[in-house]
Amino acid sequence: MTPAPAILLSLFVPLAGAVLISLSGRWPNVREGVTLVTATVLFLAVASLVPTVMAGGRPEATLIEMLPGLPIYFEVEPLGMLFALVASGLWIANSIYSIGYMRGNNEANQTRFYVCFALALASTMGIAFAGNMMTLFVFYEALTLTTYPLVTHKGTPEAMRAGRTYLGILLGTSIGLQLLAILWTWQIAGTLDFTAGGILSGKASGPIVGVLLLLYMYGIGKAALMPLHRWLPAAMVAPTPVSALLHAVAVVKAGVFTVMKVVVYIFGIDFLRDSGQNQWLMYIAAATLLIASLVALTKDNLKARLAYSTISQLAYVVLGAALATSWGVIGGSMQIAMHAMGKITLFFCAGAIYTATRKTEISDMAGLGRAMPFTFGAFLIGSLSIIGLPPLGGAWSKWYLMLGAAETGEILMIAILMLSSLLNVAYLLPVVARGFFLPAPQPASVGAAAAPARGGIEEAPLLCVVPLFLTAFGCLMLFFFADPLYRLLEPIALP
Amino acid sequence: MDVLGLYNYWIVIVLMMTGFYVVISRGNLIKKVVGLNIFQTSVFILYISMGKIIGGTAPIVAPGVTVYSNPLPHVLILTAIVVGVATTALGLTLIVRIKEAFGTVEESEILQQRDDT
Amino acid sequence: MIGIVVDIVSWVLILTGSAFAIIGGVGMIRLPDFYTRMHGAGITDTLGAGLILAGLAVQAGFTLATVKLLLILVFLLYTSPTSSYALANSAYTGGLQPWLGKKEDGSSKSS
Amino acid sequence: MARQEGGRVIEILVDIVLLSFLAVMAVGILRLRNLFAVVMLSGIYSLISAGLFVTMDAVDVAFTEAAVGGGISTVLMLATLALTTDKEKEPLANLQIWPLLAVFITGAALIYGTLDMPSFGDPQAPIHLHVADRYVAEGPGATGVPNIVTAVLASYRSYDTMGELTVIFTAGIGVMLLLGAGSRRRKD
Amino acid sequence: MIAAHLPVLQIVVPLIAAPLCLLLRRGALAWGLALLASWAALAMSVLLLSQVLSDGPVSYALGDWAAPWGIEYRVDSINAFVLLIVSAVGAVILPYARRSVAHEIPAEQHSAFYTAFLLCLTGLLGVAITGDAFNLFVFLEISSLSSYVLIALGRDRRALTAAFQYLVMGTIGATFIVIGIGLLYMVTGTLNMADLAQRLPPLGQNRTVVVAFAFLTIGASLKLALFPLHYWLPNAYTYAPSAVTGFLAATATKVAVYILLRFFFTIFGPEFAIETLTLQHLLVPLAVIAILVCSTVAIFQDNIKRMLAYSSLAQIGYIVLGIGMASPTGLTAGIVHLFNHAMTKGGLFLALGCIFLRVGSVRLESMQGLGRTMPWTMFAFVLGGLSLIGVPLTVGFISKWYLVQAALEQDSWLLAALVLAGSLLAIIYVWRVVEVAYLRPPPAGAAAVREAPLSMLIPTWVLIGASIYFGVDTSLTVGVANKAAVMLLGGAP
Amino acid sequence: MFVAATLAILITMALALTRALLGPTIYDRVLAVNAFGTKTVLLIAVLGFLTGRPDFLDISLVYALINFIGTIAVLKFLKFGDLGTPGSENSEADD
Amino acid sequence: MQRHLVLRVTTKLLMPFILLFALYVQFHGDFGPGGGFQAGVIFGAGFILYALVYGIKNARLVAPDYVIRVLIAAGLLLYIGVGFAGLFLGGKFLDYNVLASDPVSGQHLGILLVELGVGVTVAATMITVFFAFAARGRDEG
Amino acid sequence: MAAVLHAISLGLVLFATWLLLSGFFEPLLITFGVATCVIVVWIARRMDLVDHEGHPIHLGPRIFVYWLWLIGEIVKSNIDVAKRIIDPRLPIKPTLFWTKASQQSELGQVIYANSITLTPGTISVRVADGSVLVHALSAESAAGIAQGDMDRRVSALKCGGPD
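If you're matching them up, the sequences are chains B, H, G, F, Y, L, U and R in order. If you're matching positions, the first sequence starts at 845 in our numbering and goes up one per residue. If you're matching positions, the second sequence starts at 2 in our numbering and goes up one per residue. If you're matching positions, the third sequence starts at 144 in our numbering and goes up one per residue. If you're matching positions, the fourth sequence starts at -6 in our numbering and goes up one per residue. If you're matching positions, the fifth sequence starts at 1008 in our numbering and goes up one per residue. If you're matching positions, the sixth sequence starts at 2 in our numbering and goes up one per residue. If you're matching positions, the seventh sequence starts at 11 in our numbering and goes up one per residue. If you're matching positions, the eighth sequence starts at 815 in our numbering and goes up one per residue.
Honestly, the hints are just simulated from the structure, not real lab data. One or more of the hints may lead you astray.
Claimed, not checked - Computed list of lysine to aspartate or glutamate pairs in EDC-like fashion (alpha-carbon distance at most 20 Å, straight line): (1) Lys82(F) to Glu101(H); (2) Lys80(F) to Glu101(H); (3) Lys1047(B) to Asp1418(Y); (4) Lys100(H) to Glu83(F); (5) Lys102(U) to Glu1372(Y); (6) Lys100(H) to Glu81(F).
All chains, please: the whole structure from these sequences, using the hints.
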């Protein structure tokens, strides 16, 4: 099995795309065409790996030997496969959406935006396919750096402050804690290769495991585990496609993906469970889950509310990992995909609303549903998926997480999961309800608030609506076609 | 260890430290350079002291002389003297330029002028 | 025999020279002002140095050392008045008034 | 001229007296405010130390120190004074505590270090037995130069001397660059 | 013939070029000669390193006098490596210097400037190559004196005070070294390092030797600006001409570190330095303080050159930390960082020099919008900054990797955490610049700012490129460093 | 005999040194330095004989020479405040 | 100080002997104390004396800047040249043994040349340094 | 012509001095000596030192006679001043006065002024307009100068030379 070229191709394509985009910066149509083509090619390249992986193959590729025994090395395993698929697939949607959004809002520095986007995707591919912790770390950092210009895209003082928070927390945790953990792991285990069953298993013991786990979990700042979640709401100043990238496609997903990788391949779920150190992580995840949901309730700004929702949803993944059972891991991993699909829909909607009406506050959105039925319909679907109701994808991940919790006998966790779902309902559905059922306020005030939409409120540009329609549809599909996903993930949980 | 045998070194140390003290405690740049000179000169004496053999004479071959003091420290110190004078010359050059630029050779007064342009 | 004579001669020369040197040094301390002290220094520079060098020269006999001693002597005698003069001159032009005992001497031309 | 036995005693005496002079000079330099006087004293300091070098048989060094310390350095310092000032500002305190502390620690360390040193003038010290002995024994023969210091300086350790010359060369370049024709300081 | 005389040619070629440069009155000619000499030096250092790596240490008796009597050059893996660093930086900076110097120094001084530059290069190379303790001092002074001059040539008048401060501190340092060498000579009778190494152990804990050790350490620490003795460095680096800052920052302190290594491990030997005197208890805390304090101070600097200077102090802390840990890994980390930091900081200062050329200032506020007006320069700066932070795929990461490894080997996870904390501080100071350069629009009247000329951009990128390349392919640097570390600790030359 | 001379010279030196330290005017110091220089010349000459190596009188010569030049420099400094001025070419007067 | 009659005359008389003495020291460094460096300093001191008494302007006429500049470099080049000569004649760098037919005279020759190089550079440097200082005062004053 | 003569004689004097200093008569060192003398004469001429002032050969043997006399004077005045210094009462009475310097040439005036300084007890402080300002330690030494004996003897040297 040598589909190794596909791995390198999926790294190279976005890079080449970035170069081409920057070269074609003067002709927006060409530039965006290149973006789309790149995204598509990338998705195809990634998808070409799926059959092999499904068949149990583990394609690999080594780039260079950076340090003795520590090459930049890639190996595709199910978890990474899933992540790569999600990321590359959503990139296509996101690209289409970006075009509509960026044009619709006349954003500046669009070339830089697309270039950084492509670079971020390259980094994401690196993370997804990383064959050892070192490689993962390298691309993890690259992702932080390439997304930084996106977060500060607007260049306003507020954006810069957000950028500082973003960079400070992400680089700070990764270098200060994660790197230390990696080094320590190297020290203890003598290798960093992701190995089924975990490389620390049997080599570390006692409190060291706990300390290491702590370092990893908070070192992976992208997973936004409380109290290191501040960057995520702060980054909301960025344009919506960026938020979508952060929340759905790449960044936070990379975080929880790393968490999964660490738990599964560095510690090994059995080892972690046996050590008992997963307990506190479970509680932290649970706390994050609840607190973030509660905070989300208090937010009137739609993107802020979604941001806290993300924090909460990420905690599901961490919780899945912390349960350290096969169901938990499968549930957590699925949650990556499910949440990605759901959350991207929601963000697309938020962006569409903003593009069409310039509205950002939920309280202002009364009655908009009637003007923008597609958008709000999609929002409803996304919400339901996030909440975890059938027949939407989110239901599966919640289901497996419940199973996982039950497996360990953690009644408390089951209760928390259910409570959280209720909270999700409480903060997501009112938005939809408000849009559809509340009467629109006085036209005068609407007109004043929505300068571009002089002739009343209309749907967002087509290029914005199509993607959100697609992703909403995706949410639905994921419910019905979850089986391949399950089969893909099965090997990692049940080796 | 006899006290007389080390007396020489002790005085040299006192001298060195006096020079050293002048360098680090005085704010006047010229005095600093003078202090450096004393410091270095004293180190020279230290070297020469260790090369001395009581009863020996200067290491220039002459008939009837058998005991010569150690020539190597002399060689080293010749080099060191040259280095010293080179340093002094450069230091003084800098002082002249500092005076031209700042109008003073007092460290404290120069520090007061730390304008940021 | 010659040796003893030479020794005695050099002894005498050196001892007298030493005496003069010390006296000159004392003068430099005792005398009341700069100009008078110069006279004290003059003693050590001329006779003090001269006699000691001469004594050494006698001791050394007809060797290269003697030649050099004499050269030193000549050099000293040659330069010391010049530097003394220059010193006195600069002190004078620098405005240092000599101490002239009890009564002021009016003979100096003021410049 | 046979060496007299008293010669050794007087050698040490001269040594001690000159060292004491040096100490007096050093303290004088430390205390005097008038920089001109300081320069004069440092000139004397060099002269005395050169005298000391003669008593310690380092005639070449004495030669150099006299020419450099008494001559060039003094002249240069005077030139500097002429271009700057000859008054030192009153320091805040005559004895400053931190420098004093540093000096005492350094000095104490050195004194501690002397405790294992060979005695002054001991012909059996290791310094005389290892490398230098061969210079003395072979140097003049191998180089045809009776002055062993010159032989070592210009042949055995000729490379050091080249470095030394480079140092002087560097200083010359430096002065040329900093004070030469092209170095008019913009009056800014 | 060349091969047999490589060690001496390494020094003498730049040395002989120096007076020739002075004779060539035209600045351009002098520059050309200097360039040739520095490239020749680089070529020779490469040859020398390969020779040492394949055949073991090379010895060269100057004047054909056998070792303890004459002066000996002794090249082993550690100093061949240092030679390579110094001559590589020199060879890269000279092409850069042409424009930069033309901009900052009056034309009639150019030939003398290149003379001084070559002398500085010679001095640093000479320090690195020699096997004789006193010869080390002589060459140290050559490099020091010429660097005082070079620093004083800065346009700001404070360059003068900075140079003077450096002169005083440097001379004290050198004098301490001389005292130390003198004491060693006193108890052993030899100046040859290898000979010293043989004659010191029988003396055991001789008090004179201990004091000599202390003086050599302090002297070298002054030269390398170890934490409490660092006051001269920020000013010196801030006000010196750009090319000079780049050169000195990349080489001078590195050579001082080499001196420290040589003294500790070759002359005194690891047993004495580490086991008897437990030096690590002194060095490690100082290094950690240097890292944290100087990084913090760097954050508050508005003059970017000064900021980088403080960052250099922190990086020196890393190097010393590696040495202080005195394990093969720690020493490897220190030596690798020697190289890595030279590349990174050299590149950063060169980038800053480009900015100074075009903008006329290196203050933070004047860098607004440079991300757009000088994209290549700024990008180089960002890459260098990432290396300072220690982001993977840069050399900074490699150094920190080994450093933390070494700390963890000794179970001092606190130390490991502190090292990484230093990186966090680096993020802050690097990012201040990045933000201003990329996210603030160029000020209104800044239309005139163009990208730096290629002659400056290429050297900048060579160094920055090296700091990326060697962050990816570490076989050369880590290989040599590891070899050197083992050699130093093993005591075998 | 040389011992006596040495002692005498040392005593004279000490006296000159006292004067140099006491001042009170700078001219006194210069005088003392000058005298001290002469004494050093003598001391070195005598020391040569004392140690039985009288062939190093060159040093004394150098001393005398340097002492002279130093004194001239000092005086020039005192008189003009700088060392480079030749003074007016025409005037024969000393001021 | 041109007008300083006594000084001027004394200097005039003394100067040739100072220079002679300097060169004497230069060439007798092998036999007694002294050598290139000391000779250079004395030679330089002679020029300094001349400059002190006759003014820097006249001194510069005697020793023009460009000559001094060449001499500074020449001395060092001579030294290094001797080193290279040893190298080219088949020995090590600065190996004097190969300079002449027998080692001892080779050594002697080498030492002489090297000391000459030292003397030239040192003298020229001393002169430069002093001139730089003294001239500075006049121009700025 | 006179200049060349001066140069040659200076060269000879220098060479003699060289031989005295050197004490080596090997061909090598003699060669060096010759070279040295040539160089020095060349520099001296560049410095414009070689004239009747700088190289007063014309004084001839007269100068030695004067020296002998001067040495006698020096000894006498030395003893006088020494006595005064060690006398506990310190019997000094400093005076400052102008005395005439009747020499025609500058060289003569310099010799006169230096002679005054060389004899302890009197110091010349200034030379101007054919007069010398003298500082004397005591009335006796002042009188000795005022007498004019030394002035006459120096004048007799005829320092002006054939120019």
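Query raised in the report: Are the Cα positions of Lys102(U) and Glu1372(Y) separated by 20 Å at most?
Result: Cα-Cα ~56 Å, so violated.
Requested in this report: Assess, step by step, whether the Cα of Lys1047(B) is no farther than 20 Å from the Cα of Asp1418(Y), and give holds or violated.
Outcome: Holds. Lys1047(B) to Asp1418(Y) sits at ~15 Å (cutoff 20 Å).
Query raised in the report: Are the Cα positions of Lys100(H) and Glu83(F) separated by 20 Å at most?
Result: holds (18 Å)
Query raised in the report: Is the straight-line distance between the alpha-carbon of Lys80(F) and that of Glu101(H) 20 Å or less?
Result: Holds: Lys80(F) and Glu101(H) sit about 16 Å apart, inside 20 Å.
Query raised in the report: Taking only the CA atoms, is the gap from Lys100(H) to Glu81(F) under or equal to 20 Å?
Result: Within the cut-off at roughly 13 Å; holds.
Query raised in the report: Are the Cα positions of Lys82(F) and Glu101(H) separated by 20 Å at most?
Result: holds (18 Å)
Going through the hint list in order, the structure does not satisfy hint 5, though it satisfies all others.
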